[in-house]
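Q: With the hints as extra help, turn the sequences into a complete structure.
Spelled out, the chains give:
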Amino acid sequence: MSQTVVITPPGRLGLPRWSELWGAREVLYRFGQRDVLLRYRQTAVGVLWVFLQPLAAAGIFSLVFGTVADLPSDGLPYFLFSYGGMLAWNVFNQVVGRSAPSLVSNQALVSKVFFPRLLVPLSTAMSVLLDFAVALGLGVVLLFVYGVNPGWPVLLLPVWVALLVATALGIGVAAASIQVKYRDIGYVLPWALQLVLYASPVAYSVAAVPDDVRWLFEANPMTWFLEAFRWSFLGLAAPAPWQVLGMVAVSGVVLLGGVLVFQKNERLFADVI
Amino acid sequence: MVSVPSVSTTPAVSIRGLGKTYRIGRGGERPTTAVEAVLQRLRSPMARSRFTEFDALDGIDLDVPWGEALGIVGRNGAGKSTLLKILTRVTAPTRGRIELAGRMGSLLEVGTGFSGELTGRENIYLNGAILGMTRQEIRASFDEIVDFSGIEKFLDTQVKRYSSGMYVRLAFAVAAHLRTEILAIDEVLAVGDAEFQRKSLAKMRDVARDGRTVLYVSHQVQTVTSLCTSAIFLDRGRLTYQGTVDDTLEVYRRSFEKYAVEQREADRRPGTGALRAVVVAPDADVFDPAETKRLTVRVGSNADVVGHYFVSAHVNDVNGTVIAQCDSRAVGGWFDPAKEQEIRLSLRAPWLKPGRYSVDVFVCQMGVLDAWEGAATFEVLPGSPYPEMTLDEATAQGVVLADFDYESSVGES
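Top line first, the protein sequences correspond to chains A and B. All letters in the first sequence, in the order written, are residues 44 to 316 by the working numbering. All letters in the second sequence, in the order written, are residues 39 to 451 by the working numbering.
Mixed in with the good hints there might be a few duds.
[Said to hold, decoys possible] The following label-pair restraints were derived from C-beta to C-beta distances:
#	chain 1	residue 1	chain 2	residue 2	range
1	B	431	A	86	56 to 66 angstroms
2	A	238	B	306	57 to 67 angstroms
3	B	76	A	261	26 to 36 angstroms
4	A	176	B	76	38 to 48 angstroms
5	A	314	B	76	18 to 28 angstroms
6	A	176	B	263	56 to 66 angstroms
Read the hints as simulated data drawn from the structure, not as lab findings. Here a beta-carbon is modelled for each residue, glycine too, at the ideal position from N, C-alpha and C.
A: Here's what the structure looks like:
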């Protein structure tokens, strides 16, 4: 028989009950499945969107930054270079962008039924990862087309994806819980993400940044992820060891912080939403 | 089957000193955007946020043994739904401690978590998971769920194409097959047609018979009587009575009378008070079922009130169900506030069943000037308005007695 459940007033800060989250993993899976089904059902071109998004973005970037501005691309075709950046950026952007409004758009559920609410924003990562897998498949095709071999670092790609998703979820989970109370998060976040996109070397190379402000770009965690990504996917130079350590630290701290913020706000959900 | 502890000494649900306090904002709206919140803080940095506290529940102590179907009754706003929400952990308590000796499943509102774009089959899995079932459990009861809901043919149709009846039946079927040891139900049995309601009620009774525990909130006294083995009465957030179903329902009914006495003092009634009903009196204390029931409402005068006002009388049966709303607007009744008015109401149809009735009177303009619940009571005598003598079962169903006829003609073809 299942153990006794004790309900007491919530404390101010606390970590979620991990066993409970694990017990409800089926919800995570079903939510993810729903997201995927909803997005591909009744859309005219379905899975084609997943290819189209990074392809179009990489195309525009290579046209604007590679041809018009004539920026360097570390010796690779500009299209492939920016496609690699878009792969990583899309994972981050989509996880944050989909998890943040997830609680508000599921408010009927949140105010009527109990289940670990943390699963709602977390589940959005599933559909994003599926998109990523599809886009990565296309990326591999591009590698063959351009004759680029990244070598053994490609094995580390899942690690970078995991760290990036953890960071994005930390932000998304916190934003989702705050958006329950303050709806303007929904307006601020896309704008902030847009700024981060331009501030990070997604469409251009760090090498194109003048030396006197490069430290600014080097200090941006997003740069570390992009560098690591391009190392593993395109066979470019490896990121500095401190950046790798930084990625681990950032993803851990952001995820933990996001979950704590979420837990703090969670007790008000049903009353406020 | 569900494993239920054989040791029945530990209660299924144990509640100690439970309380829930809501903060109700005073002086304007709560900020809904972060910008507003910051601005408000900037404008008055020293001010503590202003609010009044409201105890939705206070000092609840309760033990529910295994195998009991507990009915929770009380007037509107007594805290019934809040109690269930806390027990199902949708919202958190402010004080106190609850121990649940098993998994808690809930049927708070059917169909929450259904996604219109998904098919019936997909929704069964999604909804089951949200309600706390494991995949094995859903798979094991899948056929039963489909069978119970009777939507077999539409299993792979998107739910948004379902009729509302099909939707509700499927939603209830999923929830009803929860295999949790404790089940909380809020007013969901009132869905579907009579046949489906009967099936649902039988299902709920089986749950209790299994030795599991059911907590049931309802305004429908009949379903409490037919489903529950004991009941509690909540009054303004406090548990004031616990006992057998019949005794508790008696307390519940009496609470209407007690409330009526309190409401006789005009100052204690809600409404702006610009005008108050002074006397509400039926012409007689007792009526026959088919007789026209006449009622006089005397409303005071107030020359400062601009325009005309209307009155509305709600006739409630003994269970608190509003069976008729007699709104004077519907028949062109507008009255002049400058003079004291004696307003006469004649209720001709429908015929009322024998029993006790109470009348709520509202005096309104744009807003409510006076809300007098339980302003008057009257009794309808046992007796049948129909021409033929019948057994009681011929008139047992229904809330009122209808004025009707049957005619037959032999089909020509």
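Q: Does each hint hold? Answer for all of them.
A: Hints versus structure:
Between residue 431/B and residue 86/A the beta carbons are some 58 angstroms apart, a value that agrees with the proposed interval 56 to 66 angstroms. The given range of 57 to 67 angstroms is respected by residue 238/A and residue 306/B, whose C-beta atoms sit roughly 59 angstroms from each other. In this structure the hint that residue 76/B and residue 261/A lie 26 to 36 angstroms apart at CB holds, the actual value being about 33 angstroms. A hinted range of 38 to 48 angstroms holds for the C-beta pair residue 176/A and residue 76/B, which are about 41 angstroms apart.
Between residue 314/A and residue 76/B the Cβ separation comes to about 22 angstroms, which falls inside the hinted range of 18 to 28 angstroms. Checked against the given bound of 56 to 66 angstroms, the beta carbons of residue 176/A and residue 263/B, roughly 57 angstroms apart, stay inside it.
The structure is consistent with each of the numbered hints, conforming to all of them.
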